[in-house]
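Enquirer: This is what each chain is made of:
Number of protein chains: 4
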Amino acid sequence: MLGIGKTGWIEKEKPVCGPIDAICRPIAVAPCTSDVHTVWEGALGEKSNMILGHESVGEIVEVGMLVKDFKPGDRVIVPAITPDWNSVEAQGGYSMHSGGMLGGWKFSNIKDGVFGEFFHVNDADGNLALLPDSLDPAAAVMLSDMVPTGLHGSELARMEYGDTVCVIGIGPVGLMGVAGAVLRGASHIYAVGSRPDCARIAKEYGATDIINYKNGDIVKQIMDKTNGNGVDRVILAGGGCDTLEQSVKMLKPGGYIGNINYFGDDDYLKIPRVEWGVGMGHKTIAGGLMPGGRLRMEKLASLLVTGRIDTSKLLTHRFHGFDKIEEALMLMKDKPADLIKPVVTIDW
Amino acid sequence: MLGIGKTGWIEKEKPVCGPIDAICRPIAVAPCTSDVHTVWEGALGEKSNMILGHESVGEIVEVGMLVKDFKPGDRVIVPAITPDWNSVEAQGGYSMHSGGMLGGWKFSNIKDGVFGEFFHVNDADGNLALLPDSLDPAAAVMLSDMVPTGLHGSELARMEYGDTVCVIGIGPVGLMGVAGAVLRGASHIYAVGSRPDCARIAKEYGATDIINYKNGDIVKQIMDKTNGNGVDRVILAGGGCDTLEQSVKMLKPGGYIGNINYFGDDDYLKIPRVEWGVGMGHKTIAGGLMPGGRLRMEKLASLLVTGRIDTSKLLTHRFHGFDKIEEALMLMKDKPADLIKPVVTIDW
Amino acid sequence: MLGIGKTGWIEKEKPVCGPIDAICRPIAVAPCTSDVHTVWEGALGEKSNMILGHESVGEIVEVGMLVKDFKPGDRVIVPAITPDWNSVEAQGGYSMHSGGMLGGWKFSNIKDGVFGEFFHVNDADGNLALLPDSLDPAAAVMLSDMVPTGLHGSELARMEYGDTVCVIGIGPVGLMGVAGAVLRGASHIYAVGSRPDCARIAKEYGATDIINYKNGDIVKQIMDKTNGNGVDRVILAGGGCDTLEQSVKMLKPGGYIGNINYFGDDDYLKIPRVEWGVGMGHKTIAGGLMPGGRLRMEKLASLLVTGRIDTSKLLTHRFHGFDKIEEALMLMKDKPADLIKPVVTIDW
Amino acid sequence: MLGIGKTGWIEKEKPVCGPIDAICRPIAVAPCTSDVHTVWEGALGEKSNMILGHESVGEIVEVGMLVKDFKPGDRVIVPAITPDWNSVEAQGGYSMHSGGMLGGWKFSNIKDGVFGEFFHVNDADGNLALLPDSLDPAAAVMLSDMVPTGLHGSELARMEYGDTVCVIGIGPVGLMGVAGAVLRGASHIYAVGSRPDCARIAKEYGATDIINYKNGDIVKQIMDKTNGNGVDRVILAGGGCDTLEQSVKMLKPGGYIGNINYFGDDDYLKIPRVEWGVGMGHKTIAGGLMPGGRLRMEKLASLLVTGRIDTSKLLTHRFHGFDKIEEALMLMKDKPADLIKPVVTIDW
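Residue numbers (our numbering), protein chains in the order written: chain E, 1 to 348; chain X, 1001 to 1348; chain S, 2001 to 2348; chain L, 3001 to 3348.
Among the hints, a few may not be true.
Claimed, not checked - Straight-line alpha carbon distances no greater than 30 Å define the calculated DSS-like cross-link-like pairs of lysine-lysine that follow:
1. S/Lys2249 to L/Lys3249
2. X/Lys1313 to L/Lys3203
3. S/Lys2068 to X/Lys1014
4. L/Lys3335 to E/Lys68
5. E/Lys68 to L/Lys3068
6. L/Lys3214 to L/Lys3270
7. E/Lys214 to E/Lys313
8. E/Lys111 to L/Lys3068
9. S/Lys2071 to X/Lys1068
10. L/Lys3214 to E/Lys68
11. L/Lys3071 to L/Lys3111
12. L/Lys3047 to X/Lys1068
13. L/Lys3047 to E/Lys68
14. E/Lys220 to S/Lys2068
15. E/Lys313 to S/Lys2313
16. L/Lys3068 to L/Lys3012
17. L/Lys3270 to S/Lys2220
18. S/Lys2324 to S/Lys2006
19. S/Lys2068 to X/Lys1047
20. L/Lys3014 to S/Lys2270
21. L/Lys3313 to X/Lys1313
22. L/Lys3324 to L/Lys3335
23. S/Lys2214 to S/Lys2071
24. L/Lys3006 to L/Lys3324
Stated by the list, open to error - Listing some non-contacts, in silico: residues in chain X with all C-beta distances to chain S over 10 Å:
25. Val1088
26. Asn1229
27. Gly1239
28. Gly1254
29. Arg1296
30. Asp1310
FYI, nobody ran anything at the bench for these hints, they're computed from the structure.
Using N, Cα and C, we set each Cβ at its ideal position, and we do this for glycine too.
Work out the full structure, taking the sequences as your base and the hints as a guide.
Expert: Below, the structure is given as structure tokens:
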């Protein structure tokens, strides 16, 4: 990223490794819609000459003197969120907000990202996880952001056995939201989206019904399918600010909304007063950035190793070679109909 | 209530007692701001010839044949919320929404209230609690609504040891919100209000600081007092829809807002997008009607019996005699400066 | 059950239907190991002339006058646990202990069970669930006990995404424990058992490894497979009192043990002091009877309807006809090597 | 500590400060019963020439180059438990077990303690908290261990509004268990102990009843006081292994036992099978080491600053001067009748 709306290659010094840090080379990376927001919507404000990218699997080339569990040559999963684990926020259970709201998000936000020859990882022992031998690096790169973000939806929505859920949005995060809901015991999963390829894969991941917003008000469609009862849970994984209003309307009293979507427009999200029970309907609205760090990566990697989640379905476009990153990023920007997620693998 | 804006006495048949129900006489009652909303703001829509009131301590005069634990002559605490305990909502932990959102609220809503010579209680075994001998009925009538509603604020806000909290509103519910926060381990309690009598009593209940909105933006005042960090929790117990926006702004990431206030205006409550972390700030917004029923009344009564809460501070105006109910209600409507809560005790 | 150790057919009056109750005929029933405990081990003490059985799908033949949601002719799932929903225990979230510890267990315990021409269901609206048309009654009868008991293991053990778990016991409850762990996000599932048929089906339900106690100490086997780390969770679904000690030894600090097993021997279960962190290791020991009632049945039925769980794998022996119940019960007592669960379907 | 059973002064090198660490001088310290266990019972095995002590308030004399929030001269609260915050255990919410069970306990366990001229604190930013100006260092030293351990009892026991609780043990930890129960909403608090001074102070902290085990079986006494119902929660803060059996017997189904006691005898703790509901009574047994670290100290310090807890009642014996530490330790060993907690303040 050269500036808002402008991308290109830049030369930078190799990053410096602190005593508890690591320097890695990327061996698999993926561009994210957030990268698109950052560059072409200026979501993070003006940034110049910042290296993009926060989804990667890498190989360690250097570690600080206090790093205990990793060494050069190790192949590692690198989470998009790399908290400062001794911060008070992390101690309170919200490591993703270490040092301030969203402060655990460092790559391509407050420092250079992973689309470089080398990148810097703060607190290597706390934030890296060994790549299990059985995992394809291209599939594993989905562990950086898509899997933890998608699965966090069910955590925020406090999914329980047999819950009915509406997942709004079936891009890669929404698809992982569907897969994650199955792994927390959801029964009926109403997935909202319109792209046929996404709808097909949503069903493979466990969606029981596809709700196409082009067929009319999604609240009405959900109410029709649930005999007017609405759903127990909503996972918000796409769409604009209006989706919150829809979510409240389709939710049963006692239900939870788990938002994992970035809202980029409007000054306000709106809660419809009456359908929110004039304040007293026990329709809880939660939303949060994915948890990152080492333990999370290890746990989610174990779901891939044991076959509970198959991320390869997401990888519609595969590239090979460092210089293909730009092409992959442009693909993410242009979103062709058959795209879910591009990935670039790199040999050194 | 004769109709919107009109009150008066009406003659009605004594209610009929079903097999699991009870009929009571009131021995202490209190009007609630909700009664004022119902009559003068039409909060529940048009209602004609409905007996008002949902806060009472009573004496049982009749029980259904299947009632096991109560008998005529028993003096009982009657919660404002009397759920159908075998409903699916109650089974799911949200008894206050039994049969539909807010459906556990029956008195002076979907049936006659407690401001009559006799009133009907559904599911006596499930919804009544014996009045402990050591409790003054006037103090105990605060258990119907003020105590459970106020204390629910800290439950919704998931208070933990040492949390800092802002309690917005220091009417009787907000004061119980303050008392309830102390009993869940809050440290600094910033209570927002302007009436001197309420401020004084808020301090007696444990508020450490009084924030007067007449002295400027309450968000700024809170930020100044917390070195710019904001608070861990917000309990919303008064004010209009704007208080939600303020709450989000003063809340730390990872914080909870617990709303126990009735919102009566506007079509929408608004969440400020940026301060809500563009959807990802882990600032959870919860709001809910008080839990009612027998167990809750027994548990909260035990807090009065053991002196953990002293509700007598709320009772600024005491009346005696059934015919004083109207005067008490008008007092609630007019809200003189020294009023917190009127109560009427009745002999039969 | 005629008495301890004696079974046979008895004639009884048709049960009487109270105002909120229902009378049903069984259309599918299954004997349970608990029935075997009751008769041949005297687990409930001396009982004479009590009809056995608590797993059934039935057809309603009569409902009380206050029953709202069911009518004669309805086909219903009948949970083994049928709480009194207005009890203080149910209000506190422990409906299975309504009226006293384990008090929600009524069938073949404190009243006649379901192995009769007619059986009585207390609180029909609160305890029955309509049988979805798409479900085979024989498969659905597993919803009475096997599914809710098995799945409760992961609830007691507070399963989270990517947890490793040891499930001790792979009889029908343990197998549902395995299936339930998958549906709460477990990754590696170490299933302890020795019978080849059970081991095969455990793998189909999602076990990643089978631990055969005949091959040596299971704690050592688990430690070897986890690089000495132990597991995050243990679900106890079989075995004697010694399994608790083993569970504590194989559990990581911060872990949970969820017991769903009936312990029939010894005066005490034992916690090894040192491995329990001299009292401070945060290894939590939980154990509890399955939650019953209508909502639970509806939610779990939705897991069968949507294909999240396939109970038909459990049904190794199918019988047809009311008079085959005794044969099925004897099979459960004798436990042939290829038995998991017998079921009897009945036409009327 | 020179060896098991032997204490004395030793000369050691000043500890070395790593890049994220701090070196402190003690300005207030307190000996703990754990120190007595360590020396005279050999609870940690053979240790030679180890400096004792883990309760202190100190002054920083040196910080590592990566320490951001503290500087020499700062007066700080030093928790007994100082975790490695980037460990997987801490990331999973169990920082006290960082690096292995009980691994967050470093002082006077795996390194020298605080009864020296200088002591070393790992991860200063993560583990120290500034001493608020308004706090007396002698009162604040109770924040190192007594307050967090005592209050953790109610967390482990998941205290809720109006719960009845039995606190077994009314030494300093048990007294903080009583105070902590009040701050989580307990109503009736039955405190078990026999020493008159402790009983008096327990009442000041909020105990409603004192149960003296010298007056007979405490289970029977509790049952008599609760009409045979038992209690909702038990906090175990003293006594031998038999107290677990008593706790299970006096607990209601659905209840929690929170153990904060060190168990030093016997190979096993025993759970009575029948009273534990043959494994299915939902009587959960939890036990754990106190949470330490900076945030915890800041939160608990705020409870002292706002007057929610008054630790000065614990300080029955005050000493002044570094050389009085041995006298204070011997006092802790000999436990005179009027002792609750000795504290030593030190000028430099």
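Enquirer: It remains to establish, for every hint, whether it holds in the given structure.
Expert: Outcome of the hint check:
no. : hint                   : verdict
1   : S/Lys2249 to L/Lys3249 : holds (25 Å)
2   : X/Lys1313 to L/Lys3203 : holds (24 Å)
3   : S/Lys2068 to X/Lys1014 : holds (25 Å)
4   : L/Lys3335 to E/Lys68   : violated (44 Å)
5   : E/Lys68 to L/Lys3068   : holds (22 Å)
6   : L/Lys3214 to L/Lys3270 : holds (22 Å)
7   : E/Lys214 to E/Lys313   : holds (25 Å)
8   : E/Lys111 to L/Lys3068  : holds (19 Å)
9   : S/Lys2071 to X/Lys1068 : holds (27 Å)
10  : L/Lys3214 to E/Lys68   : violated (54 Å)
11  : L/Lys3071 to L/Lys3111 : holds (23 Å)
12  : L/Lys3047 to X/Lys1068 : violated (64 Å)
13  : L/Lys3047 to E/Lys68   : holds (26 Å)
14  : E/Lys220 to S/Lys2068  : holds (27 Å)
15  : E/Lys313 to S/Lys2313  : holds (29 Å)
16  : L/Lys3068 to L/Lys3012 : holds (28 Å)
17  : L/Lys3270 to S/Lys2220 : holds (23 Å)
18  : S/Lys2324 to S/Lys2006 : holds (17 Å)
19  : S/Lys2068 to X/Lys1047 : holds (26 Å)
20  : L/Lys3014 to S/Lys2270 : violated (45 Å)
21  : L/Lys3313 to X/Lys1313 : holds (29 Å)
22  : L/Lys3324 to L/Lys3335 : holds (16 Å)
23  : S/Lys2214 to S/Lys2071 : violated (52 Å)
24  : L/Lys3006 to L/Lys3324 : holds (17 Å)
25  : Val1088                : violated (4 Å)
26  : Asn1229                : holds (29 Å)
27  : Gly1239                : holds (32 Å)
28  : Gly1254                : holds (18 Å)
29  : Arg1296                : violated (7 Å)
30  : Asp1310                : holds (25 Å)
Checked against the numbered hints above, the structure breaks hints 4, 10, 12, 20, 23, 25 and 29 and satisfies the rest.
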